[in-house]
Amino acid sequence: MNEVPDEPLVIRVARSGGVAGMTRTGTLELHPQSPTSGQETSWVALAQEALAELRAAKESAAPSQLRDSFMWSLDFDGEKHSVADALLTGPARTLAEHIIGTPLPR
Amino acid sequence: MDKENPPPATRSHPRHHAVPPYLLVSMAACDGVWEAPEAMREFIAPPVAPEDRDLPGAPGQSAGSDFETRSRIATRARQTLLLDQALLHERATTHADIARLMDPTGRLARIISDAQGAESTPGNPVRAEGESPIQDLDVNRAYDGLGAVYEFLADMFKRSSLDGSGLVLRGTVHYGQYYDNAFWDGTQMVMGDGDGEVFNSFTSSLSVIAHELGHGLLQYTTNLDYQGQSGALNESIADVMGALVEQFVAGQDAASASWLIGEGLFTDAVHGVALRSMAAPGTAYDDPILGKDPQPATMAGYLDTTEDNGGVHLNSGIPNHAFYLFATALGGNAWETAGSLWFNVIATRALPQDADFGIFAEQTLLQARRDHGAGSAIELALVEAWDAVGVHPVVQEAVNE
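Chains E and A, in that order, give the protein sequences. No gaps in the numbering here: position 74 of the first sequence is 74 in my numbering, and each next residue is one more. If you want my numbering, it's the position in the second sequence, counting the first as 1, plus 1000.
No lab work stands behind these hints: they were computed from the structure. Any given hint might turn out to be false.
Stated by the list, open to error - Only part of the chain E face toward chain A is listed, based on derived beta-carbon distances under 8 Å: (1) Ser-16; (2) Gly-18; (3) Val-19; (4) Ala-20; (5) Leu-66; (6) Arg-67; (7) Phe-70.
Claimed, not checked - Beyond 12 Å from chain A on every Cβ pair, some chain E residues (computed): (8) Ala-14; (9) Leu-30; (10) His-31; (11) Ser-34; (12) Thr-36; (13) Ser-42; (14) Ala-45; (15) Glu-53; (16) Lys-58; (17) Ser-69; (18) Gly-78; (19) Glu-79; (20) Glu-97.
Note that beta-carbon positions come from the ideal geometry of N, C-alpha and C, so glycine has one too.
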């Protein structure tokens, strides 16, 4: 990602598929150079971990017999990653679930 | 085959056929798109290597023509096997003595496991076949749902489980935290608890349970590619299974059924009745948060998208509606004539795995002619149903490769 000062990092997440066939989407805008809160600083750190994780992951298709499973797409300033639900783990999952707002807060 | 210990089915209950069973099974498998289930493989003795099979088709014929011949022979043999299994089952179920001699694997076996909130399968086994209900509604609903699917396949299509030879039916419940989905993982169904705000537990709908098992049935019959139109057919046939099992259990005929998939899955907070409506695709929900049910009912509304494997849960509305129109035009119980016609198309593996709507429609029409004769009222109702949703039957070209 390009970390130009004042340039926000825009992360777009979509979760499609599922037996209900409903796509959920969300966007998170972060300011890596000038975070406005401690919370944003943690999200920036998590986003960087998530991106590193996604880049390191091998391009692996979902197991071919899976039906009705969720499919995730994550877009970091234009850098796109598609991940099957069972393979989205760790920081990338925490970030993605936060962005689309699931699981719902209790 | 071990001569000293032949399988009980061959020893005690000889079957009388014009074509010996081992040959029929070999013929049925000769195009390579169908593998004989384990129970049937015992009929093949000794096993015949594909290249050694003596098939009609004179030397000098093109490869394409050989492919067509094999495909035709195999499809007809599978048709015969299907009928034969049905007759055998009929005899077995009307005579208890014969039933005991039947394939020992051909019986209901269920195992429900609890993932306890983890996103892993199968989890801890909590209820096996024959065990009493436990203090967990989801476990019991999953168990009962699998039983309903088994009974439906056995009663209506004379088929023991998804593979036709008693495959153990497995289900995992309490998968993940507030998990808003149910899916088929290639070996079993997996059910989330739902978030409680939008979705109730996914075990709360029998049509959803049967939908997931419908994917399993397809995996063991015609495993339609999960992408684009063949993917939408895979989804649609799973919905047909979902609807029919629910109607079968409730004893509802086509006219009185709801034709909804996932009724009861939404919480009271949602403005909607179900995930999908086969009677009126696009009308199942209209909610401030979820939006409006996006399913098209006809080709005029066909959606081109890259999400959801090319809109497999969206465009399935089109073949869903065709099935609904066909079944309601016929009247009576939808699982009988309309359901068995759909089942025969997938069970005989007449379709290529990448079949589109037009190819599928053509195969249903061919099946209608085989089952009911050319020009029957049933075939005409089917022609009208496909026409109403804007799908034009396509005669499949013989393609080698």
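These are the hints, each one checked on the structure:
About 4 Å separates the beta-carbon of E:Ser-16 from the nearest beta-carbon of chain A, less than 8 Å, and the hint is met. For E:Gly-18, the suggested interface contact is upheld, since its CB lies about 4 Å from the closest CB of chain A, less than 8 Å. Given the 8 Å rule on beta carbons, the hint for E:Val-19 holds: about 5 Å separates it from the nearest Cβ of chain A. Proximity of E:Ala-20 to chain A holds as hinted, the smallest CB-CB distance being about 5 Å (cut-off 8 Å).
A distance limit of 8 Å between C-beta atoms decides the matter here; for E:Leu-66 the minimum to chain A is near 6 Å, and the interface restraint holds. Because the smallest distance between the Cβ of E:Arg-67 and any Cβ of chain A comes to about 4 Å, under 8 Å, the interface hint for this residue holds. Of the supplied interface hints, the one on E:Phe-70 holds, with its beta-carbon coming within about 6 Å of a beta-carbon of chain A, less than 8 Å. A beta-carbon of chain A is positioned within 12 Å of the beta-carbon of E:Ala-14; the least distance is around 7 Å.
Listed as outside the interface, E:Leu-30 is consistent with that label: its C-beta sits roughly 25 Å from the nearest C-beta of chain A, beyond the 12 Å cut-off. Every C-beta of chain A lies more than 12 Å from that of E:His-31, the closest at about 29 Å, which supports listing it as non-interface. For E:Ser-34, the condition that its CB be more than 12 Å from all CB atoms of chain A holds, with the nearest at approximately 33 Å. Against the 12 Å criterion, E:Thr-36 stays outside the reach of chain A, whose nearest CB is about 28 Å from its own CB.
Here E:Ser-42 stays apart from chain A, with its beta-carbon at least about 21 Å from theirs, past the 12 Å limit. At roughly 23 Å from the closest C-beta of chain A, the C-beta of E:Ala-45 stays outside 12 Å, upholding its exclusion from the interface. With a least CB separation of 17 Å from chain A, E:Glu-53 remains clear of the 12 Å interface cut-off, as annotated. With a closest Cβ-Cβ approach of about 20 Å to chain A, E:Lys-58 is found to remain outside the 12 Å limit, as its non-interface label requires.
The claim that E:Ser-69 is not at the interface with chain A is violated, since a C-beta of that chain comes within 12 Å of its own (minimum 5 Å). At roughly 16 Å from the closest C-beta of chain A, the C-beta of E:Gly-78 stays outside 12 Å, upholding its exclusion from the interface. Non-interface call for E:Glu-79 relative to chain A: holds, since the shortest CB-CB distance, roughly 17 Å, exceeds 12 Å. Separation of E:Glu-97 from chain A is inadequate, the least Cβ-Cβ distance of about 10 Å not exceeding the 12 Å criterion.
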